[in-house]
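Undergrad: Once you have looked at the hints, place chain Y on chain S.
Chains S and Y, in that order, are what the protein sequence lines are. The first sequence begins at 0 in numbering that gives the first Met the number 0 and counts up one residue at a time. The second sequence begins at 0 in numbering that gives the first Met the number 0 and counts up one residue at a time.
Read the hints as simulated data drawn from the structure, not as lab findings.
Below 30 angstroms or equal to it, Euclidean Cα-Cα: the simulated DSS-like pairs (lysine-lysine) are:
hint, chain 1, residue 1, chain 2, residue 2
1, Y, Lys399, S, Lys119
2, Y, Lys313, S, Lys22
3, Y, Lys399, S, Lys78
4, Y, Lys399, S, Lys114
5, Y, Lys478, S, Lys114
6, Y, Lys396, S, Lys119
7, S, Lys114, Y, Lys396
8, Y, Lys396, S, Lys78
9, Y, Lys112, Y, Lys62
10, S, Lys78, Y, Lys313
11, Y, Lys477, Y, Lys423
12, Y, Lys377, S, Lys78
Owing to the predicted nature of the structure, the values given are computational and were not obtained by experimental measurement.
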Amino acid sequence: MTTTTRVQMKDVHKRYGDNEVIKGVDLTVQDNEVVVMIGPSGAGKSTVLRMINGLETTTSGDVVVDGENIAQSGVDMNKVRQNIGMVFQHFNLFPNMSVLQNITLAPTELGLMSKEQAEKEARDMLEIVGLTDKIDAMPAQLSGGQKQRVAIARALAMHPDTMLFDEPTSALDPEMVGDVLGVMRKLAKEGMTMVIVTHEMGFAKEVADRVIFFGDGQILEQGTPDQIFNHPTHDRLQTFLKQVLEA
Amino acid sequence: MWLLATLVAFVVAWWVPQQEQSVHAAEQTYTFGTDTTFSPFAFTNKQNQSVGIDIDLLNAIAKREGFKIEWKQLGFDGAVQALQAKQIDAVAAGMSITDERKKTFLFSHPYYKSGTYMAVKDTSIKSLKDLKGKKVAVKTGTTAADYANSMKKKYGFSVVTFDSDDNMYQDVLTGNTVACFEDKPVMQYAIANGVKLKLASDFKEPDAGTYGFAFQKSEGELVKKVNAGLKALKANGQYAKIVAKYVGNGSQKSQAKQTAKQTESDRSFFGLLRANAGTLTSGLGKTLELTVVGIVCATIVGILVGLLGVLPNKFAQGAANTFIYVFRGLPLMVLALFIYTGVPTLIGTKVPAFIAGIITLTLNEGAYTAAFVKGGIKAVDVGQMEAARSLGLTWGKTMKRVVLPQGIRIMIPSFINQFIITLKDTSILSVIGLLELTQTGKIIVARNMEGFKIWTMVALIYVIIITLLTWLSNWVQKKVRA
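Same shape as in the complex, but just chain S:
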């Protein structure tokens, strides 16, 4: 069986004037793969993640997503993005809409589903994240963990082939983290292609097919969780793991 390449980044750079923040990143994500990006703050993990759905621009290099090089102009980004779900650190639910409306907005506005279909879809997705009883709630009435699970349901309703998670648990109270990771674990098990930026090392160890360590705008080391966590070679990775595990 041949695997499909979902994402392929080649020699990607990003500069702000003289300040180079991404210094030549090559990254490939295969279908059904779960890739976890770790590293210190400011290392460029979130920036690289956001390049995959075009929220960040690149200065040079290729970003090929589902066969389209989105680093070049003339690509219908809206089409590409329909196929990539994104979950943010601060949830970014639409506060002026109910949970149901948050989920049905994109599928109905884009003409992908009728109103009835979208509502059924919303119910199904809320079932996956365990929040069917909150369907008519407004975002302000939800806890952080619930908001993040609704955000995941919202992204899933578009039936994306790839899901991007940008520090999905960093803004949560500790007791909420488990629920969100539980949903992500379930998705990983079902074969969803996922790229995750996180500080949850235990979770990374458990679900990742591949762990990538970022430092100073570059990929310094990558491998299986066992290689990265148990046999790190790069001294910056060793220092990083020591700091994280001691904390």
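TA: Frame of chain S; chain Y shown alone:
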């Protein structure tokens, strides 16, 4: 650009019918600008009609010579500027014939010999000699002001300039200045209306200046008709009758008697209110008309420019920022005068005062609106835009469904504020002669000199309207929030 085009289309739609009206009239109609505050030459009487020596003379001449006059109550400065800008054909507003003005305008034969006179509160000041080291008041642009300025060095006094007679008299009454200079009939009119000033007892009248009607250089034919008519009126005694109607035989006592016929007899607050209710109501009507049309246009333009300012495009943002910078930076009055009297000179066609007023409000209030619309949109968390775009929604759909609904909530208080400011700002449009509430107030005060009572009425009307507008806004705000 299409924004500007819409504006122009709107303007043209308004003013083409008006143009046609004046062009295709059966009898030749000329537009005359006049003052509203220069009693007894050009002012409005208690029935709110343009009256005065100038008006009556010209109406009689027009009847004789077979043409029609459309009167525009623009105020003296406004009328002169409108004539320069070719917005009107002529000015009849007690204008002195000077060499300077002859360079720009054609003048009729003189129709009145005016004499500058000095009025005082303290009768110990009798002549120019008593003014040493003191301050005197004049009204801008008058022969009397030129006279005072020519004498100040010789007699050692200084000159303070006001833009209306009313303010000039008031300054002498409060004692800031000790005397004022103005044409004698004008001053007698004021005194007859209860202004507590007296003509200086030993003042020697300087060589009298003359008043003439001023015309555009191209109106030679009209000037000939007016001159012929004036001659005929003088010959048949009608001229003398008209002058006597306003100034009697020229003495203070006689003029006072004539003045009483033109102005209100009951000078109590409610008496004045009753007498001027119609005039004030029509002024208020114009103010509301300007406010409503102004708010609608400014809001539409403001929202469009504000949206332009958040488009992900450098040129669009630049255009929006320039619009905001220019029209927020210009004082409303400068903008109004520029559009009403500046632009017509440039494009060679008239801009009606109401249209000029609306364009002024649209640009100025629109710029403020655009600034807070842009700010309101930018105040919405950038994560909202990112989340919606990540779902594959276009920029436009994201704006419409996600960002704007949130931004509008942020903007509502600013909108209400801007509506109230727009209402107040319409008062500034009185400079281009629009007969809105403030201009109405000026006109009434110029007739009866009852500044305190009339301005109290005008202020109260504004307060009441603004209170109603605030209530309405709060009600709407509650509906939107619900």
